[in-house]
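Peer 1: Start from the sequences and build out the full structure, keeping to the hints where you can.
The numbering of the sequence shown is this note's numbering, which starts it at 387 and goes up by one.
Be aware that a few hints might be false.
Computed cross-link-like contacts, DSSO-like style, restricted to lysine-lysine with a CA-CA straight-line distance of at most 27 Å [to be verified]:
1) 569 with 446
2) 495 with 563
3) 391 with 501
4) 438 with 565
5) 563 with 438
6) 495 with 569
7) 569 with 447
8) 565 with 501
9) 391 with 563
10) 495 with 438
11) 391 with 495
12) 447 with 565
13) 563 with 447
14) 501 with 569
15) 438 with 569
16) 563 with 501
17) 446 with 565
18) 569 with 391
19) 563 with 446
Bear in mind the hints are in silico, worked out from the structure with no lab data behind them.
Computed from a predicted structure; not experimentally measured.
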Amino acid sequence: MSNTKQRIIVGFLMAAVVVAAAVGEYYGIPAVRYLSMLVAIGMIIEMLICIKSTPRETIKKNWWQFSAFLLWLIVIFLAASYVGTRPWIMLLLLLIIACADIGAWFFGKLIGGDKMWERLSAHKTWAGQIAGIICGTFAAIMYGLLGTDMFMPQLLWIGISISLLSQYGDLTASWIKRKMGLKDFGRILPGHGGLLDRFDGWIYALPLIWFVML
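Peer 2: Here it is as structure tokens:
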């Protein structure tokens, strides 16, 4: 099976898990919060495993970057625990990040063009970034329209901000991977890499939402 097919199938499975969590919330089960915390814990464990398997010389050379990133993942866990208590905010965040990621991936491959930061990520282009922001913002606006039957201007700015931050979270994760000499953080999600590869959009976006809610 090709990598693209794996990516699509696993993407649908992850979407099904999110839908199941939303149904659980409807019946009074705090599934979104528990699922978010579980993902964050998985990200921390994955980073620890990667550090353990990284050559000692690489660790000595980049110890402060790896330590800071690991501490930031703990911040993400705390943010997931808090934001998860507002399930519809968390679902909006997941929707924006997923649509921004899909839009950037699809239109980046379709249009091509100049690379954003080829040394960190060989496939990310400016065209993909712009398309990702448009797709993520569109998803945020539609979320408001379907939920309230009215246009909510604040969702326009939320969509733009989260879409942009999610892509720079992706670049940060790519930077850490290059420091470690890795292609993927893990193999738990075929076609997507590990949890850190798939949820790197949380790196800046989720703590920001937590800060705003506080």
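Peer 1: For residue 438 and residue 565, compute the direct alpha-carbon distance and say whether it is at most 27 Å.
Peer 2: Since the Cα atoms of residue 438 and residue 565 sit roughly 14 Å apart, the hinted pair holds (cutoff 27 Å).
Peer 1: What's the verdict on residue 569 and residue 447, does the C-alpha distance respect the 27 Å limit or exceed it?
Peer 2: With a Cα-Cα distance of about 19 Å, the restraint between residue 569 and residue 447 holds, given a limit of 27 Å.
Peer 1: Given the hinted pair residue 495 and residue 563, is their alpha-carbon gap at most 27 Å?
Peer 2: holds, 22 Å
Peer 1: Keeping to a limit of 27 Å between CA atoms, is the pair of residue 391 and residue 495 held or broken?
Peer 2: holds, 15 Å
Peer 1: Hey, residue 565 versus residue 501, does the alpha-carbon distance stay inside 27 Å?
Peer 2: The hint holds at about 20 Å.
Peer 1: Given the hint that residue 563 pairs with residue 446, does the C-alpha gap stay at or below 27 Å?
Peer 2: Judged against 27 Å, a Cα distance of about 16 Å means the pair holds.
Peer 1: Are residue 438 and residue 569 close enough, with their CA atoms no more than 27 Å apart?
Peer 2: holds, 16 Å
Peer 1: When you check the alpha-carbon spacing of residue 447 and residue 565, does it fall within 27 Å?
Peer 2: Given that 27 Å is the threshold and the Cα spacing comes to 9 Å, the pair holds.
Peer 1: Given the hinted pair residue 563 and residue 501, is their alpha-carbon gap at most 27 Å?
Peer 2: holds, 18 Å
Peer 1: Hint check: residue 501 vs residue 569, CA-CA at most 27 Å. Holds or violated?
Peer 2: OK: residue 501 and residue 569 at ~18 Å, within 27 Å.
Peer 1: If you draw a straight line from the CA of residue 569 to the CA of residue 446, is it 27 Å or shorter?
Peer 2: Status holds; Cα separation ~20 Å.
Peer 1: Is the Cα-Cα distance between residue 563 and residue 447 27 Å or less?
Peer 2: Between residue 563 and residue 447 the Cα gap is close to 14 Å, so the pair holds against 27 Å.
In summary, the structure is inconsistent with hint 10 from the numbered list given earlier, while agreeing with all the others.
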